[in-house]
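J.: Here is how the chains run, residue by residue.
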Amino acid sequence: MVVKLAVRNAGKRYDDLEALKGCSFDVADKTIVSIVGPSGCGKTTLLWSMSGLHSLTSGQVDLDGERITAPRPEIGLVFQEANLLPWRNLMDNILFPFEVKHQTPDMAWITHLMDRVGLTGFEKRMPRELSGGMQQRGAIVRALSLRPQVLLMDEPFGALDAFTREEMNRLVEEIWLETKTTIVFITHSIEEAIFLSDRVIVLTKRPGRVHADYPVNLPRPRSLETMAGREVFDLMNKIKADIYGMSSMRPRSAAE
Amino acid sequence: MTDAIPEFKKTEATKVGITGSALTAGIGSATRKEIAIILAVAVLVIGGLEFVLWAYDVPQYILPRPSLIAAALVKEFPLLLPHLGYSMVSLLSGFTIGAVTGMVMAAIVTQYPLVEKVVTPYILVLVTTPMLALVPLLILRFGFGYTPRIIAVALAVGPMVMINAATGFRRTDSAKLALARSYGASTLQIFWKIRAPMALPMILVGLMIGSIFGLLTTVGAEMVGGGFGLGNRLTTYSSMINMPEFFAVILLLSIIGILIYVIFFLIGKKWASWET
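Protein sequences appear in the order of chains A and B.
Residue numbering for the first sequence follows the working numbering, starting at 1 and increasing by one per position.
Residue numbering for the second sequence follows the working numbering, starting at 1001 and increasing by one per position.
It is worth saying that the hints were derived from the structure and are not from the lab.
Any given hint might turn out to be false.
As the list claims (entries may be wrong) - Under the rule of at most 25 Å between Cα atoms (straight-line distance), these lysine-lysine pairs were calculated in the DSS-like manner:
1. B:Lys1176 x B:Lys1269
2. B:Lys1269 x A:Lys101
3. B:Lys1176 x A:Lys124
4. A:Lys21 x A:Lys238
5. A:Lys124 x B:Lys1270
6. B:Lys1075 x B:Lys1193
7. A:Lys205 x A:Lys180
8. A:Lys180 x A:Lys21
9. B:Lys1269 x A:Lys124
10. B:Lys1193 x A:Lys124
11. B:Lys1193 x A:Lys101
Between the sequences and the hints, there should be enough to build the whole structure, so can you do that?
T.: Take a look at the structure:
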């Protein structure tokens, strides 16, 4: 296993709030790893430190063995809600990174990506003229246009309806099968995490550290049938039990 | 995957975009029937006024009939034209100075929260004080030429633009800033590619309100002192009880006001209609 990203003893403190503490795990190259955990457990903090946008107060994150201290071109980021710039049309949004970096865009690759996610013909549309799912597909194209080696996705589909969400999950898997980009995926949905991932990492409640680390050995491409299997059902319950176990609420018994 | 794209109805989205903004509300595409109704009401109002004033034999010095005002506008227009020019010089110079200063100040001040807190009370004083009150003072110092007028207009426009532009620049969306930073954008790039376009709708609102205030101040300053400009014509005509000519100037001023509104409406529609 080649380690692409290594989180080493990561800790982050905001004034009097400790978001992360002693969080360590590896992400193998060309795999998808999901991170789940109770609300406010520092998932987003963790992802932003992996992107180099936020610094850690202790520990470090390494990319190919080299410490990340600032945003890097090898790392792409997909945000909660598409985060397209509303005053630019779709294509100008996708070309935004190239504009900032003064680079010539690889139009053949971008055209291919647009076609892949089904956005061909929508290049001139403004973000408000696109559905939530289409906007998020545009954001994925924007992130992939620079051919990053790692894609960090921060609850990208949380605001979408259930059907669109499943569709987007299949799309992410298809893209992964084609590009084998290492993906770190943060989500609230255990089902989404299992569907997409080679590994699901469960964080403890704040300050977040690794509570459990489950491999997901299911064949790809995954389907509704895969997800209906006993193995998935058991894993889903195990993760749920992990997360509910951290909750301050008393678990309900059948008698109630 | 690719076949599941929801159908997009262009007219619907466009409508939302235009009517949603405070800047662009009011003017929209009208159907032929709507245009007919608008024209009919206009004819009724103006015609009705003409009829009532004629039927009750209202004296000219109380309110001249619309037809007399229109005739006076046509007759006096060659005489009014140079004054229109003088007023526009005051308005445009004062507006340009005030607007540029206001925008630059807003962009700088919003970068430093402490500076903003220190400066804001003074800006509020400038916004709420009628700059017209300063004109006699400015005339004492700068004479009866353009200078006091341009200063008054700039003082009326600047704070108004600044306060609105500052609201725009303060609207920081951390996700969009993070997006730019994740691609290694410099502070300057972040300003021009994220902060400025995000502030643009509010800047346009500031420019529009500022220009209307600028017009008021121009006319007011011309009424207070100096021998030229449309405001000066108002004082002259009213002192001679030339009411049709007086109202002709008023009509001209409202046309300028409407033109200013339309110009900013069109700019807003082109550059700021993304905001719903």
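J.: Hint compliance check: list the failing hint numbers for this structure, sorted ascending.
T.: 2, 6, 7 and 8
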